[in-house]
Amino acid sequence: MAVKKREKDLTLLEKMYIPEIVKGLSLTMKNMFKPKFTMKYPEEKFIPPASYRGRPVLVMEENGEERCVACGLCSRVCPALAIEVQAAETEREKERYPVKFEINMLRCIFCGFCEEVCPEEAIVMSKDYELAFSHREDAIYGKDKLLTPVIQLKDRIEFLRSYK
Amino acid sequence: MPKFVLDGKEIEFKPGQTIIQAAKDHGITIPHFCWHESLSVAGNCRVCLVEIEKMPKLAIACSTTAAEGMVVYTASEKALGARNAVMEFLLINHPLDCPICDEAGECKLQDYAYSHSAGESRFVEEKNHKDKRVPLGPYVMFDGDRCISCSRCIRFCDEIAKDNELTFVKRGDRVTITTFPGEELDNPYSLNVTDICPVGALTNRDFRFRARVWDMSANKTICTGCSRGCNIELWVRNNEILRITPRQNEEVNTFWMCDHGRINTFKFVNAEDRVDGPHIRKEGKLVKVEWNEALTQAASKLKKFAKNEIAFIGSAFATLEDNYLLVKFAHSLGVKNIDFIRHYIPSFADNILRREDMTPNSLGAEAVGVKPSQGGLNIDGIINGIKEKKIKAVYLIDDDIAAAFPELEEELAKLDLLIVNATNINKSASVADIVFPAATYAEKNGTFVNFQGRVQRLKPAVATVEDDRALDGLEMSRLDKFGTKFDRWAQGHKYDAKSSWKILSALSIEMGFKLKFNMAEDVFSEIAKNTKAFSGLDYDVIGELGAQSKLQPEEKIITT
Amino acid sequence: MNIWMILLFSLVKIFIIVNVMLITVSYLVYFERRVSAWAQNRLGPNRVGWEGVLQPFADVLKLLLKEDIVPDAANKPIHTLAPIIALFVAFTTYAVIPFGPSISIFGYTVPLVVADINIGILYVLALTSLGVYAITLAGWSSGSKYSLFGGIRSSAQMISYEISMGFSVGGVLLLAGSLRPEAIVEAQQGWMWNAILQPIGFITFLVSAFAETNRLPFDLPEAEPELVGGYHTEYSSMKFAGFFLAEYANMIVASAMIVTLYLGGWRFPYLENFGLSAGWFAIISVITFFVKVAALLFFFIWVRWSLPRFRYDQLMNLGWKVMFPLSLLNIIWVAALIMIFKI
Ligand code: SF4
Ligand code: SF4
Ligand code: SF4
Ligand code: SF4
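Residue numbers (the numbering used here), protein chains in the order written: chain A, 2 to 165; chain B, 151 to 710; chain C, 333 to 675.
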């Protein structure tokens, strides 16, 4: 067996470990007085940066209409099959709109693929991370819960544009 | 046979064949928009440009006839460059509104934009705008922006439907499609233009925006609209049929089907009035009961009648297997009064596809013996018998006698016993004593014999309570594969219904004579064994495109 | 002082000591969690009560409500006995440690130690060795290989370190000339703390104490990555709590021992020169004792969250090849001191 040579032998002082132990102890001691990272959550809320991927929401224009044209691409790309879209015809200029748009929040894995694929910039990831349900049915978000005014999503939309 | 070289491969061709056709016969597809096998050559899309040795310019494969010793390159640098250029031109004014377009997913322009284009547009100017959302007829919607002016639709109307309705108007980049003044696109085959339109310019108004193609499964089966028995695909999502498209069968319907078949033959499958589970009349009302109860009651009631008081009515809407079991059932009871109702509408017929016999299987029903035995009554005799109260019990499968003979409705209600196997609550079912839920043609295995004597297979597309899409071999869409019972989009209603032969088989066990079969296939093997006309056939031989039986064909198919 | 009064005072002292121990132990757990959190820039438990001060009670309640699972393969009586031994040993050891000077109440002179016996140090050494049984038995009776390994490692480790511990104590005994804890405290007047007089002995004792209490960096018996918890893998509910409490009680005992043997016990340097009344003298002495113990406890915790665990062979090497010779050296050093300075 080849004998592995150390790069250098430890000196006596190093062998005693004592300086290293003191170093270690002083490091932890220093840290005890540093400011803490922990956030006292329900009282103090974490406001995520624009790059954060919270639950996906639908963009609602100022006139109260959704941007979504129910193309179904988000539904197709969704790796977790969380999205169900049912299209229908409308009189608006874009002939197509979603009569039903449901995201199953129990299935969603917050990957953001839906946002990435959407040709209309109609579905974006919000900053909402508070998702708890007491019933399976409650986890299925329909248009009523998904539609969010575009103003509230300005951050994210700008972020997305800067990376296009 | 003469030969030419295509991409370094020697290929045989029939004299006079074009390059594109010869290539297709050998399984090589040269990109094309305007060319269609059964339409005349227009040569206006220019996507099929190929390079031919010793020719100074590129040539279009769809109108250049192949010649001995020709050397053709479909993917040389020059050919590809030209194709890219053509694609770029086509896309200049194309709106690229795939998110809204129904064709997305089965659009040739989309496909070629992936395979044959730079992926980016150099066109920064304002695109041309044309009329959108123009209804050309009762079933077809036109979007001018998306049209690439291939003229397939015009040629289809002129050459196949033989009804000149569509034309180009204007010139240059303003050219668009319209109907002739005072005309509508309303020929009986109008919806075929939505199939052949390579883009989403022509769409089916009945199906518009209902589903994405990739969310549906396509189930190969047979149209039940008339005795032509066009080969079709049923497109199903969440256990619901959403549209029908024709599939190619040179012997039966080539590429086409009629609008009646496409629009009117599937909606009853998921209709509100489907019979869901067996029903028995109790105190004047039809009440849902368990299978056992319905079967015992039907058996005990049937047993009370003398042989000549009972009549069995088969159906030309039912499969060979259903009718065969009915015949066997009747014969086991010694009943001789057995026949089926004919549905002829001479005005429906034309000399393209449509036939006056509006049922898919009358030839088959007769062939397996749905006809009176010696001394028995035929359908007219049975009707008289009902009126004269000589016939006291009637068993009817998969048809609506009360609708076919409206004068009979009251008499039927007064019958001592009327058992029907019905798919929907129709007029007969609503006066029946016992209603068994029959599976529709979209829910069962079985065979039809069309007017040519061709045996064709039905395959289930919609699952009933006893089916499981995966285990019973139904086509699966992506949603079917991955859905769980907690997903709403996988919860499409399954009806508690069975093929008529299964119902009859179960009833026979109740009655004491056992007509036991496991699968429709077993029933068919017995038919093939006992009936000369079908000897040598089985489900594998029939396959997806059907097989000719030895029944006399009435006439030859008119192909175009 | 008649026998009844002695009994009464002893019972009162036992009562106070046991309760103080119990509460300190539970708060020690809380304290450990907070300190570890601080060392890692976290906050630690701060939800139950103000800043989490009620956390220990919540923990105890939780442990009480847990299901008591005994493995099928376990030897049930011994499995049950082991945590009892552990607790018993941890609590009784404290009996001989003085936590203040003698005080007079109602005319009686009461020493602030439960049992002022003249072989106190032997008693402590004997009892702590008994503690090995708790762990070994727990490991053996659980019927699980991980527990068994934990138990065996623990006994080997304890036996090894007990030797250097004993020899280090030897130095202290030489100086004090008595096995009585009280006498040892007495011997450390002013700054004549043993820690200063015989630093080598102090260090070897300290290291051995870490090893004896199975604290990091010597917590091999319960090394989670390899042994899934070691000897208490198969324990749950209050039996597990027994071991858990015993570990912390041992820490307290070890700290108290170190204070008594090396850090002048309850003595505040030169306090007797301040001319305080007897009452104040006693109070300040007791506070001094507890502050010293608390500082050591903090040291225990601090070390745990700073140093990584030893490998088993390193542990044995350290025990036999370093600690043992060093403690011998210490005895020679002390002997030399006595010879030279004729103390
Ligand atoms: S991808 Fe965008 S436009 Fe398409 S359905 Fe989803 S949200 Fe609507
Ligand atoms: S974030 Fe990902 S998992 Fe969630 S809905 Fe969008 S695509 Fe589906
Ligand atoms: S409507 Fe469709 S089939 Fe007709 S010319 Fe335009 S692209 Fe071709
Ligand atoms: S021609 Fe007959 S078989 Fe063909 S689609 Fe029309 S109705 Fe159906």
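Keep in mind that a hint or two might mislead.
Mimicking EDC-like on lysine to aspartate or glutamate, the simulated pairs with C-alpha atoms at most 20 Å apart in a straight line are [claimed, not checked]:
#1 C/K653 with A/E94
#2 A/K165 with B/D618
#3 A/K95 with B/D295
#4 B/K282 with A/E94
#5 A/K41 with C/D448
#6 A/K146 with B/D617
#7 A/K101 with B/D356
#8 B/K282 with A/E92
#9 A/K165 with A/E121
#10 A/K95 with B/D281
#11 A/K95 with B/D247
#12 B/K453 with B/D566
#13 A/K95 with B/D356
#14 A/K101 with B/E390
#15 A/K95 with B/E276
#16 B/K635 with A/E121
#17 A/K46 with C/E364
#18 B/K277 with A/E94
#19 A/K37 with C/E399
#20 A/K165 with A/E117
#21 A/K31 with C/E364
#22 A/K144 with A/E159
#23 A/K144 with B/D637
#24 A/K101 with B/E671
Calculated from the structure, these hints are not laboratory results.
Quick rundown of the hints versus the structure:
At roughly 88 Å between alpha-carbon atoms, C/K653 and A/E94 are farther apart than 20 Å, so this suggested pair is violated. Between A/K165 and B/D618 the CA atoms are separated by roughly 45 Å; this puts the pair beyond 20 Å, and the hint is violated. For a cut-off of 20 Å, the pair hint linking A/K95 to B/D295 stands: about 13 Å separates their Cα positions. Between B/K282 and A/E94 the CA atoms are separated by roughly 10 Å; this keeps the pair inside 20 Å, and the hint holds.
Restraint check for A/K41 and C/D448: not satisfied, since their Cα atoms lie roughly 50 Å apart, outside the 20 Å limit. Straight-line distance between C-alpha atoms of A/K146 and B/D617 comes to about 36 Å, which puts the hinted pair past the 20 Å bound. The suggested pairing of A/K101 with B/D356 holds, with an alpha-carbon distance near 19 Å, which does not exceed 20 Å. For the proposed pair B/K282 and A/E92, the alpha carbon gap of about 12 Å is at most 20 Å, so the pair holds.
At roughly 13 Å between alpha-carbon atoms, A/K165 and A/E121 fall within 20 Å of each other, so this suggested pair holds. A threshold of 20 Å between alpha carbons decides the hint, and for A/K95 with B/D281 the separation of about 13 Å falls inside it, so the pair holds. With a CA separation close to 9 Å, the supplied pair A/K95 and B/D247 stays within the 20 Å bound. A distance of roughly 12 Å separates the Cα atoms of B/K453 and B/D566; the hinted pair therefore holds under the 20 Å criterion.
Our distance criterion of 20 Å between C-alpha atoms is met by A/K95 and B/D356, whose separation comes to about 19 Å. Under the criterion of a C-alpha separation no larger than 20 Å, the hint pairing A/K101 with B/E390 is consistent with the structure, at around 17 Å. For the suggested pair A/K95 and B/E276, the alpha carbons sit about 18 Å apart, so the restraint of at most 20 Å is met. At roughly 32 Å between alpha-carbon atoms, B/K635 and A/E121 are farther apart than 20 Å, so this suggested pair is violated.
Taking the CA atoms of A/K46 and C/E364, the gap is near 28 Å; set against the 20 Å cutoff, the hint is violated. For the hint linking B/K277 to A/E94, the alpha-carbon distance of about 17 Å falls within 20 Å, and the restraint holds. Straight-line distance between C-alpha atoms of A/K37 and C/E399 comes to about 36 Å, which puts the hinted pair past the 20 Å bound. Restraint check for A/K165 and A/E117: the C-alpha separation of about 10 Å stays at or below 20 Å, so the hint holds.
Taken as a hint, the A/K31 and C/E364 pair is honoured in the structure, with Cα atoms around 17 Å apart against an allowance of 20 Å. With a C-alpha separation of about 23 Å, the suggested pairing of A/K144 with A/E159 is violated against the 20 Å cut-off. About 17 Å separates the Cα atoms of A/K144 and B/D637, which keeps this hinted pair within 20 Å; it holds. Proximity of A/K101 to B/E671 is assessed by CA-CA distance (about 41 Å); at most 20 Å being required, the pair is judged violated.
Violation of the numbered hints given earlier is confined to hints 1, 2, 5, 6, 16, 17, 19, 22, 24; the remaining hints are satisfied by the structure.
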